[in-house]
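Please take these sequences and the hints and turn them into a complete structure.
Chains A and B, in that order, are what the protein sequence lines are. FYI, in my numbering the residues of the first sequence are 83 to 607. FYI, in my numbering the residues of the second sequence are 2 to 61.
Check before you lean on any hint, since a few could be wrong.
In silico SDA-like links for lysine to any residue, alpha-carbon gap of 25 angstroms or less [what the hints assert, rightly or not]:
no.: 1; chain 1: A; residue 1: K527; chain 2: A; residue 2: R541
no.: 2; chain 1: A; residue 1: K173; chain 2: B; residue 2: Q29
no.: 3; chain 1: A; residue 1: K275; chain 2: B; residue 2: S3
no.: 4; chain 1: B; residue 1: K46; chain 2: A; residue 2: A93
no.: 5; chain 1: A; residue 1: K600; chain 2: A; residue 2: K341
no.: 6; chain 1: B; residue 1: K46; chain 2: A; residue 2: K527
no.: 7; chain 1: A; residue 1: K394; chain 2: A; residue 2: A376
no.: 8; chain 1: B; residue 1: K41; chain 2: A; residue 2: D127
no.: 9; chain 1: A; residue 1: K511; chain 2: A; residue 2: Q542
no.: 10; chain 1: B; residue 1: K54; chain 2: A; residue 2: D216
no.: 11; chain 1: A; residue 1: K569; chain 2: A; residue 2: K600
no.: 12; chain 1: A; residue 1: K447; chain 2: A; residue 2: D484
no.: 13; chain 1: A; residue 1: K360; chain 2: B; residue 2: K9
What the hints contain is simulated information worked out from the structure, not anything from laboratory work.
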Amino acid sequence: MTIHTSIKKNAYYDSVTLMLLSRQLQELAGVEDVLVGMGTELNLDLARDLGLATGEFDTLTPNDLFIAAKIDEAQISMKAVEDAFNEYLNKSAESDSDEDYQPPSLSSAIQALPGANMVLVSVPGQYAAAEVEDALDAGLHVMLFSDNVPVEDELRLKQKAVEKGLLMMGPDCGTAIINGVPLCFANAVRRGKIGVVGASGTGTQEVTVQIHKLGEGLSQVIGTGGRDLKAQIGGLMMIQGFESLIADPETELIVLISKPPDPSVAEKIYQIAKSSPKPVVIDFIGGDRAAIEAAGAIPCISLEDAAQKAVKVLRGQEYEDFTGFSLPEEQIEQIVEKEAAKLKDDQTELRALFTGGTLADEAMKLLGDHYDIYSNIPLSPEMAIENLPEGRGHICLDLGEDEFTRGRPHPMIDPQTRTEFFESHVDEKTAVILVDVVLGFGSYKDPAGAVADSVREIRQRLSNQDRDVVVIASVCGTELDRQDLNKSITTLEAAGIIVLPSNAQAVRLTDKVMQRIKKGAGDVR
Amino acid sequence: MSVNDLFKQELKVVNLGLKSFYSDLKSQGVATVQVNWKPKAGGKKNMLNLLSKINKVKQS
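Right, here's the structure in full:
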C-alpha cells in the first residue's frame, strides 16, 4: 500500500459534493482509504488522523482541492483514481449548474437577480458570518445552514437582523418553508393557514408533514437554529418569527417547536403567547406543561400531537392528548404478539438508529423511565454511550451528530453511516430496531431502500443463528416529496419492516413490543 | 424589507455554498442564483482579518 496526494490549485468545490465523491472513490478496487477535500485545517487534520497526509500538504490553502489516497498499486494507479474522480465529478450535482452564470460574489449575485430577498448560506462555518453580515447590510433575509458559527457571531448577526426587521434563521438551521418554497431540508407540503416557528430541524419537518397528512397546510415555516432559545441568544429569532406570524393575515394558528428553552427565554415567549390574538400550540419537547397552559397556549406530548392539536383547533374541534395509534388498538396488539413471537428469550435490547436528532430525542423522552437508554445525546449524563456496560444495553443514537459526520455527509444525505451501524450495532441480542426515514428536499434519493437493504442483510445474518429481529420505522415525508411517501412505505414493508404513520407511534409500538418481551417470550403462543 | 413584506413577495434566493440547494430551488422554478463562492483571500486568516479591518474603515 502506498499513499499518494493529488492537488488541484484554486479549484473550489462544496463539502457535500466532495464527501460524496470520497465515498464513491472508496468503492474502487485497490483503494484502501481515500479522502477528498479542500485544504482547510479541519480536512488536513482529518487526513493526518487517517494517516493519509504527505509532505505536499504543507503547501495547501483552503482554495486548493486535494485527493489523498492509500492504494494498492498492483490493482490501481493514482492516475486511475484521479480519472475516476473527474468522471464522478462530472456526473455530480456540482456539474448540474455549470451552464448557468455564477456571479463571483454576493454583491454581484444581488445585481444578477433583481429583487433578491433571501440569501441561503451553507459555506464553511468560519467564513459564514462575514457573508451573512453583508447580506443583512444589503437588507436581505438570511437562512444560515452552516454550523460551527461562534455564538458571539450569532448574537451579533441576530441583533442586526432584528434591528433591521429581517430574518436570520440559523446557524445550523436545516429547514424552512417561506412563501411555499422549501429551503434546504424541507418536505413538500401544501400551503395553508398554520404557521410554524421551529428550533429543531427534523422536529419541525415531522410537524409540517403531520399537518399535511391531516389535510391542512402551512403558511410559513420559520427556522431559528438550535441555540436560539438559549440564554445567550435570548430567543431573538423565535420572537421575531412569532411576532411576524401574529401579524401575517394568511396565518390563523401558530405552532412553536423547540427543546425546552432557557427559563428566561421561555418567559418572553409566554408573554407574547398571552397577548396573541391567534391560538398558539407549543411543543417544547418535554417542556413545562403547566407554564404553557398558564400562558393560554396549548401544550403537546409529541410532535404528532402538536400537529393534531393545531389542526383540531383550526377546525374548531375538541382536542385531547393523542396517546394512541391510527390503527385500532386490537390490530396493534396483534402486531405486537406476532412480532414478539419472532424473538428468542435472550433477545432483549433496543437499537434505535436515527438520522434526525429531534426524532431521537423525542423517542427517548417518550420511552421515558421504562428503560435505561444509552445515547450520544443522552437525557442525563450518566446515560452517555461511553458508559454502556460492556456493549450491552438499550441504545438510541443520533447519527447526524458531529462525532459521526466528521469527513462524511450527514446520514440524511448519505445513508452509509447508518448502514455501517446496522452492521456493527445489531447482533443476536437485539430485539427491536427503531429507525426514522426522512424524505424531502436535501435528503437522499431513496432512504427507505437503504434501510430495507440493511434490514435484509441483518435478517440474513441472524437467520444463520435461527433468529429474527423486529424492525419498526416511521417515514417523515409526504406523497408530494420526490422520494414519495407511499413508495417508501411499500419498500420498507416489502423488507418486513413495520411502518407507523409518525415517530411518536413508532416509538409507542416499540415500547409495546419491548414490554411484551419483558413479560417473557415463553408467554407467547 | 420587513418579514411581513417578504411574505407578500415572490421568493428570490441567492445561494452561497452547497449547490444541491440551488439545484432543488431551480427544479421547483424558484428564481435563484448560485454564487461561485470560494474563501476570500485564499482563506488565509491573517489576510481575512486585514480585509475585515479595511471594510470596517471603509464603512466608517
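Taking the hints in turn, this is what the structure says about them:
1. A/K527 to A/R541: holds (24 angstroms)
2. A/K173 to B/Q29: holds (21 angstroms)
3. A/K275 to B/S3: holds (20 angstroms)
4. B/K46 to A/A93: With a Cα-Cα distance of about 19 angstroms, the restraint between B/K46 and A/A93 holds, given a limit of 25 angstroms.
5. A/K600 to A/K341: With a Cα-Cα distance of about 31 angstroms, the restraint between A/K600 and A/K341 is violated, given a limit of 25 angstroms.
6. B/K46 to A/K527: violated (37 angstroms)
7. A/K394 to A/A376: Roughly 20 angstroms between the alpha carbons, so the hint for A/K394 and A/A376 holds.
8. B/K41 to A/D127: holds (21 angstroms)
9. A/K511 to A/Q542: holds (15 angstroms)
10. B/K54 to A/D216: Judged against 25 angstroms, a Cα distance of about 14 angstroms means the pair holds.
11. A/K569 to A/K600: violated (34 angstroms)
12. A/K447 to A/D484: holds (22 angstroms)
13. A/K360 to B/K9: holds (20 angstroms)
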